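Next come the chains, spelled out residue by residue.
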Amino acid sequence: MQFAIATYLNIRNPETAASFLEDALDFKIAYKAGYGWWAENGAVTIILQESTTDNATIEVQCTHIEKDSACLLQRPDVQALTDIQQNQNRVEQQLICDCGILLRLSKVLNEDEMGELLPLPSSLPWDNKTDEITRRILRIAPLSFREKARERVTQRAEYIAVESGSLMVQEAHAMQAFVDITLDFQHQTLFDAMQQESIDASTYMQNPASC
Amino acid sequence: MLNILQRGIKLCQICWATRRIRKANTEKTHQAAQRALSELLASSRGLPMKVGQFLAGMDDTTPYAKLTNSVEPWALEDIEPILKKSWQQPLQFILKNIEESCAAASLGQVHRAFLDDKQCVAVKVQYPDIATAIDAEITLAGLMPAGGPVKTWAFDLDSYKKTLRDTLHNELNYLHEMKQQLTFHSTVNVEGLHVPRVFPVLCRSNVLVQEWVNGVRLSEATTWPLPAKLYIARTLMQTMFQSLFQFGLIHGDPHPGNLLFQYHDTKPQTILLDFGCMVSIEKTRRLALLKLILYCRGECHTILLDTFVELGFHAEKLALIEDKLPLLAQLLFQPFTEAKPFNPATWNLSASVADLLGDQRWWFRSAAPADLFLIIRIFQGLVTQLETFDVQLPWWPILTQAVSENNIEEARIWQPGSTPIHDIPDCKGSAEKLHIHIQLKDKKPIHITLPAKQALELENIMPEHIHQHIRDADIDLKKLRSQLLQQGLEPQTLIDIKQAAFHYHLYLA
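Line by line, the protein sequences are chains Y and V. Here our numbering runs 17 ahead of the position in the first sequence, where the first position is 1. Here our numbering runs 729 ahead of the position in the second sequence, where the first position is 1.
By construction, these hints were calculated from the structure, which means they are not laboratory data. Don't take each hint at face value.
Dumping the calculated BS3-like pairs for lysine-lysine here, alpha-carbon to alpha-carbon at most 25 Å [said to hold, decoys possible]:
| no. | chain 1 | residue 1 | chain 2 | residue 2 |
| --- | --- | --- | --- | --- |
| 1 | Y | LYS146 | V | LYS996 |
| 2 | V | LYS1046 | V | LYS891 |
| 3 | V | LYS1069 | Y | LYS146 |
| 4 | V | LYS813 | V | LYS825 |
| 5 | Y | LYS165 | V | LYS1172 |
| 6 | V | LYS1157 | V | LYS1227 |
| 7 | V | LYS1162 | V | LYS1069 |
| 8 | V | LYS1046 | V | LYS908 |
| 9 | V | LYS1173 | V | LYS1157 |
Calculated from the model, a selection of chain V residues having no Cβ within reach of chain Y, i.e. all distances over 12 Å [as the list claims (entries may be wrong)]:
| no. | residue |
| --- | --- |
| 10 | GLN848 |
| 11 | ARG946 |
| 12 | LYS1069 |
| 13 | VAL1120 |
| 14 | GLN1130 |
Just so it is clear, the structure is predicted and the values come from calculations on it, not from any experiment. In this text, a Cβ means the ideal position worked out from N, Cα and C, and glycines have one as well.
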């Protein structure tokens, strides 16, 4: 889990809240005379300030929101205020703790989780069908490399298009671009992805399986 | 004489307006001053208007655009006698009809006319007093393409003046323009480019007759759909690359008034006008330029110093920054090396060169041949056109389509001659750099750094006007050199001349 927070939180019972943060969210707790309870997790520091009302929200950014939510809800002092809900490009859930802290769990969705095929950063017009196929084939690239792959295949395809005298990117340009930018050991995956799109991959590359 | 005096007064007004622009504090004042200067330049015709067109560049929306769009033309009744005298015939013997002009240019104006029922022509007529006016203005204003540090340090202003004067004089001869247009028409063959046909029998030194072509201006063409804009951009790029690398005759006046566009479904036409300012590049220089591009693309090897020298650079001066040439070449030819569509908006060449060379960039500029600014202006024009159209295309494939494979191959195997560099004797010492600090009254100080051993070459690298100050200060450069050779290049002040108007400080550190 990663934590994003504000520094001062107003709470009726800082000591109980501090104990919850230590136990549930792995904060290190310290009491500093003149300041009150300090909760630190290395990256951030929260100062729990005694107040007549509870006004303490902590946003918790999760990698696996379902798992983190289930883990927190196993505790007797945590209840769900809302279900896990999708809000635009993120999913969220609010949990309330007996100590008065409101936990807002959230997770930003990636393009695969959102079922989206992001647009190509193109400079030239693309044939519609080629554009769609290219965006689908790009899903074979791991998420962490996807953006770079999208940029490179677009630039390469446009370069090949202009090189061949065209000012519009067609299927042949895009497929050749995929072959050019893909490392040899990933050619089999690319070959299969092209075949899956009903493209005769052998036009652009030798079937790695036959090598 | 009266003409010279009148134009002198006008130039003073222009200088004053230019000063106002420089000093304007707010954008509103700046624009108002620009408009005022634009009006003044437009009313002057000739060289000031040419300068205004230069200021307008390729931007069709600046206040200066008025100069490239339309200024108040002369009435037809004033033009008719000029045509009659040039053709030695009454107008009705040649033209069926001629209209009032709607397009005035810097050196002349254009009238639409009909030779018969079908053939519509553009008759360009030169203003009668323009040749004298241009000479007067060059004498009066000494309008130069650069000032500041470049002017102060070793800059060959005379050759710049000569280049400017020659270019303008060529523009004044419409028969020369006719020949250039005919040559361009018959040699440059680019898809989407249209060069209007000229009618040689009707052309005179002050009259040019060519086919009338309709079209819209650049600012309107930029609103067309992306495929049309890309097509135009490719046409513009291929036109420049082919005319430069293949034929060595480039259209040197890339302002918006010289371009028209027609929208024909998928293949828009680009019409190139005004062939008065053409730039000729001899074969060796073309090969050197192409060689540099190939080198930067990693497609061949060359000795950069020698190749730049073949381009016209001053060998001795360039040798001082020889170690920077590989990176510098990469910056200069970046659009040709990128394996992707090139985005001109992100190309900040001046800043990159300044980062690389620092104050030595003035040294690089002073080493450049005088006519290089004409070529740079053409490249700048193309980059601005692409930026205005907001399109990105890869440059290298477009160059290879425009230029024959033979040409590229010739450049690949061509080798520059080796440059004899005056050998500076070896001299030991702990000083690493020669620092030249120049402070002129009311100007920003200039600081140039050179290798320490250049201190032995002060006589050769100092501009003549500084020599005079050194003589006045009783400094003997020969003696100074002997001392350095004897005692070594140790940190010390070599020359320090301080007067009310200037301060020259040369020291080793």
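The hints, checked one at a time:
{"no.": "1", "hint": "LYS146/Y to LYS996/V", "verdict": "holds, 23 Å"}
{"no.": "2", "hint": "LYS1046/V to LYS891/V", "verdict": "holds, 21 Å"}
{"no.": "3", "hint": "LYS1069/V to LYS146/Y", "verdict": "holds, 22 Å"}
{"no.": "4", "hint": "LYS813/V to LYS825/V", "verdict": "holds, 14 Å"}
{"no.": "5", "hint": "LYS165/Y to LYS1172/V", "verdict": "violated, 48 Å"}
{"no.": "6", "hint": "LYS1157/V to LYS1227/V", "verdict": "violated, 29 Å"}
{"no.": "7", "hint": "LYS1162/V to LYS1069/V", "verdict": "violated, 40 Å"}
{"no.": "8", "hint": "LYS1046/V to LYS908/V", "verdict": "violated, 38 Å"}
{"no.": "9", "hint": "LYS1173/V to LYS1157/V", "verdict": "violated, 34 Å"}
{"no.": "10", "hint": "GLN848", "verdict": "holds, 34 Å"}
{"no.": "11", "hint": "ARG946", "verdict": "holds, 23 Å"}
{"no.": "12", "hint": "LYS1069", "verdict": "violated, 4 Å"}
{"no.": "13", "hint": "VAL1120", "verdict": "violated, 7 Å"}
{"no.": "14", "hint": "GLN1130", "verdict": "violated, 7 Å"}
In summary, the numbered hints that this structure violates are 5, 6, 7, 8, 9, 12, 13, 14.
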